[in-house]
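Trainee: Listed below, chain by chain, are the residues.
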Amino acid sequence: MSAEVANGVAPRNAPISSRAAATGAHIIERVLIYAALALWTFIALFPLYWTLSTSFKLGRDVTQGHLIPWLDFQPSWKGFQSLGLSPDTIFAHSNVRDEFLNKFFNSVICSLGASALAVVIGSLAAYGLSRFDYKFGVWRNKDISFFFLSQLILPPVVLAMPFLILYKELALLDTRIGLILVYTLMVLPIVIWVMRDQFDTIPNEIEQAALVDGCSIWGAFFRIVLPIAMPGMVAAFILSIVLCWNEYFFASLLTGFDAQTLPVMVASQTGSQGINWWTMAALSTAAIAPLVLIGIFLERYIVMGLTAGSGK
Amino acid sequence: MASVDVDKVRKSYGPLEVIHSVSVNIVDGEFVILVGPSGCGKSTLLRMIAGLESITAGDIRIGERIVNHLPPKDRDIAMVFQNYALYPHKTVAENMGFALKLRHASKAEIETRVRRAAEILDLIPYLSRYPRQLSGGQRQRVAMGRAIVRDPKVFLFDEPLSNLDAKLRVQMRAEIKELHQRLKTTTIYVTHDQVEAMTMADRIVVMRDGIVEQAGLPLDLYDQPANLFVAGFIGSPSMNFLKGAIRVNGKPSFVTEDGVTLPLASAPAGADGRPCIYGVRPEHLTLGGDVKVEVSVIEPTGSETQVFAKIGPQKIVGVFRERVSTKPGETLLVTPNVDAVHLFDSATGARLQ
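Residue numbers (our numbering), protein chains in the order written: chain Z, 8 to 319; chain V, 430 to 782.
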């Protein structure tokens with residue numbers, strides 16, 4: 008375009024119109040991109056909105072599909088009232104609230120406990136896989152890594168009976184410890200893979216420099232390798248928490264009452280007298296809230312950890 | 430500061446021996462360069478001195494102490510790695526002070542010593558930056574700073590300049606040499622670049638395939654290479670090698686396989702007819718004389734002219750200080766400087782005189 012102007016071959020107005028055309032195409036492109044992004048945002052956020060709004064609805068509003076508060080329906084605290092979490096019941100005694108809080112803390116303890124355990128064990132395993140060459144029969148590091156990952160392919164249903172029998176024998180049924188152990192097992196493959204990638208990006212020479220500088224092998228691991236691998240550990244930890252927090256199958260299978268977690272409580276709202284949509288929605292809102300906060304505040308760590316090694 | 434003695438050291442990985450009984454004695458304060466093509470075992474040897482690789486057989490002594498089984502931290506060495514290996518989560522000052530911190534030096538002492546090292550290396554403005562905010566040359570300096578802060582017995586350098594561009598490499602070469610003259614710490618430096626070796630070293634150890642081919646002063650290696658490998662490795666462009674045999678017919682001379690006669694100053698006794706290899710460096714050819722070569726490529730660099738040519742089918746390179754007016758395909762007359770001619774045994778490659 009500028010070449011045409013420079014040698015004066017093109018008519019004077021030609022570059023301007025082509026520039027206008029280019030700008031037009033650019034605008035259309037932007038509009039399409041933003042439209043697509045807006046659509047996807049809507050698809051992603053609508054279920055959250057639906058859950059949140061339903062928790063403020065009465066039965067009539069739910070069945071008639073009212074969506075917009077104050078226009079379609081008048082918000083009410085009924086859902087939260089039945090949980091003892093509405094403003095007028097929050098200071099009164101409530102058995103449901105006690106039960107909810109019990110499940111909530113079960114979820115917190117099981118998710119945090121399992122994630123912490125998985126990150127510790129998984130990081131050590133990943134460090135080994137990243138730094139040493141193992142021979143385990145015909146297996147090498149690659150095969151061992153794949154063995155860990157292959158655990159995810161196995162449908163959990165297959166493990167239902169064995170775990171039930173095993174936990175019964177070990178008296179781990181309906182205990183938080185039992186749930187923590189099975190969740191650790193469940194998220195370990197992911198932690199190992201994330202952490203192995205993380206350790207692979209740390210050059211051996213950095214550790215060797217630490218050894219020469221005066222660290223012992225453990226010193227080099229704790230003072231140099233771990234801090235560098237921290238973003239990956241945080242990402243693995245958060246992923247684990249999300250997975251454990253949402254887990255339903257083992258929670259419903261291996262717990263009865265004492266160690267029951269939130270997903271099981273949400274699911275159990277489908278009683279014989281029909282479904283208490285508002286209670287269920289209020290419960291779901293309370294169950295989703297911590298994950299939403301994690302998503303908002305820790306998202307950048309997840310991205311940092313998962314994209315480690317994909318570029319400089 | 431200390432001497433370093435490597436005594437009949439071997440290194441095997443399973444059945445594969447990569448270092449075959451290497452002995453090198455490095456005196457206190459010396460700057461020794463281990464040089465050789467990649468895979469010759471020079472880095473492995475350095476890492477064994479550092480304690481990062483185990484020793485299969487033999488002894489390594491730093492000072493009077495055998496360090497075979499000491500972990501790196503107890504050997505009182507400092508090492509600069511090829512990729513610098515800076516701690517990415519620590520600032521320049523923390524990187525440099527880390528070793529002192531591990532030795533429980535006081536905060537004030539760490540700061541003084543880091544500052545002194547940073548002054549030597551022009552790093553004062555960068556002390557609070559992180560490695561990722563520095564250029565390659567600055568990172569290189571930080572890596573050196575990390576080594577000199579500690580005042581160790583021995584510096585180990587593992588190809589420290591190979592990640593830098595050509596200009597910076599020349600500059601850092603001079604800086605490292607100056608640093609050594611100033612600190613006088615025993616230094617072992619690994620490189621595959623013979624120019625680095627020639628320009629920096631007090632003494633060069635040329636290695637190949639896990640053995641020491643020759644060790645000596647840089648100019649001795651240049652003037653008296655012990656074998657074909659060292660002769661070809663040291664010097665750039667490398668030495669010309671011509672196959673042929675010695676003829677003693679009153680005056681000794683050398684006849685190539687294709688019947689071209691080249692002058693010799695002297696020949697070993699009873700060498701008449703002995704097949705051997707005639708070595709002459711490109712810079713030891715002069716224009717004019719009676720040896721005819723067929724020019725194939727001419728490369729003028731301004732200060733000198735490189736001429737690639739052939740004697741019969743054998744290739745030869747000449748470097749001339751003067752401008753050469755010739756064209757590819759033409760015949761050029763040259764003379765080898767008979768005092769700088771080397772003869773090597775055809776079978777063993779060993780030097781004959």
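Be aware that a few hints might be false.
Below are the SDA-like pairs computed for lysine to any residue, each with C-alpha atoms no more than 20 angstroms apart in a straight line [as the list claims (entries may be wrong)]:
1) V/Lys519 with Z/Pro162
2) V/Lys606 with V/Asp631
3) V/Lys530 with Z/Phe228
Since the hints were derived computationally from the structure, they do not count as laboratory data.
Trainee: With reference to the structure, classify each hint as holding or not holding.
Mentor: Tested hints:
Between lysine 519 of chain V and proline 162 of chain Z, the direct Cα distance comes to roughly 44 angstroms. Violation of the 20 angstroms bound is thereby established for this hinted pair. Between lysine 606 of chain V and aspartate 631 of chain V, the direct Cα distance comes to roughly 10 angstroms. Compliance with the 20 angstroms bound is thereby established for this hinted pair. For the hint linking lysine 530 of chain V to phenylalanine 228 of chain Z, the alpha-carbon distance of about 16 angstroms falls within 20 angstroms, and the restraint holds.
Consistency note: the structure conflicts with earlier hint 1 alone.
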